[in-house]
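Heads up, the sequence shown is in the working numbering, so the first residue is 1 and it goes up one at a time.
Don't read these hints as lab results, they were simulated from the structure.
Among the hints, a few may not be true.
Stated by the list, open to error - Here are the computed distance ranges between Cβ atoms for each label pair:
#  : residue 1 : residue 2 : range
1  : K57       : P117      : 14 to 24 angstroms
2  : N92       : L58       : 11 to 21 angstroms
3  : L22       : G70       : 27 to 37 angstroms
4  : N69       : K30       : 29 to 39 angstroms
5  : S29       : I84       : 15 to 25 angstroms
6  : R72       : D94       : 18 to 28 angstroms
7  : L85       : P117      : 27 to 37 angstroms
8  : L58       : P117      : 27 to 37 angstroms
9  : K57       : K27       : 15 to 25 angstroms
10 : I13       : Y86       : 17 to 27 angstroms
11 : N114      : P59       : 30 to 40 angstroms
Don't be surprised by glycine CBs; every beta carbon is placed ideally from N, CA and C.
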Amino acid sequence: MDNHYPVQIEQIIKALSKSWSLDSSSKWSKDNPAKGQCGVATLVVHDILGGEIKKTKLPDGWHFYNFINGKRYDLTLSQFKEDILYMDIPSNRDEAYSDTNEKQYKYLKQSVMNHLPFSNIESR
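Put together the whole structure using the sequences plus the hints.
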């Protein structure tokens with residue numbers, strides 16, 4: 001990861017895993033905390049690090065993830081038991097947002113920001 005980002009992707013991964021709950025996705029469970037979090041997590045990561053939003057078609061619908069500096073970051077991959085054949089189809093915030101709602105998005109963004117080491121990060 002480039003050093004010009006105030007936050008590293010590893011810090012965001014930790015913050016997301018601490019933040020996921022029923023407040024960020026109605027599909028969340030203790031056994032599978034990443035379930036249903038792809039759209040909302042992708043939006044929050046995009047807010048913090050920018051980059052592109054990509055999607056892949058899965059049996060249950062579209063799966064969203066981030067593409068930053070030419071590298072794929074699927075921070076909710078742990079919700080799946082099977083391997084994913086990534087299609088890397090260009091997507092956007094509106095499509096990722098269709099997988100969540102304002103309450104879940106605001107909750108997850110605030111929680112992630114609270115768990116990051118820099119509390120004064122300006123989001124995009």
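Comparing the hints with the structure gives:
The supplied range of 14 to 24 angstroms is broken by K57 and P117, whose beta-carbon atoms lie about 36 angstroms from each other. Under the hint 11 to 21 angstroms, the C-beta atoms of N92 and L58, about 18 angstroms apart, fit the expected range. Evaluation of the 27 to 37 angstroms hint for L22 and G70 yields a pass: the beta carbon distance comes to about 35 angstroms. Between N69 and K30 the CB atoms are about 34 angstroms apart, so this pair conforms to the stated range of 29 to 39 angstroms.
Judged by the Cβ atoms, the range 15 to 25 angstroms given for S29 and I84 holds: they are separated by roughly 20 angstroms. Distance hint for R72 and D94: a CB-CB separation of about 21 angstroms, consistent with the stated range 18 to 28 angstroms. Distance hint check for L85 and P117: the Cβ-Cβ separation is about 35 angstroms, which falls inside the suggested range of 27 to 37 angstroms. Taken as a hint, the range 27 to 37 angstroms holds for the pair L58 and P117, whose Cβ atoms sit roughly 33 angstroms apart.
Separated by about 18 angstroms at the C-beta atoms, K57 and K27 satisfy the suggested range of 15 to 25 angstroms. For I13 and Y86, the hinted distance range of 17 to 27 angstroms is satisfied, since their beta carbons lie about 18 angstroms from each other. At about 35 angstroms, the beta-carbon gap between N114 and P59 stays in the expected band of 30 to 40 angstroms.
Of the numbered hints stated above, the single one contradicted by the structure is hint 1.
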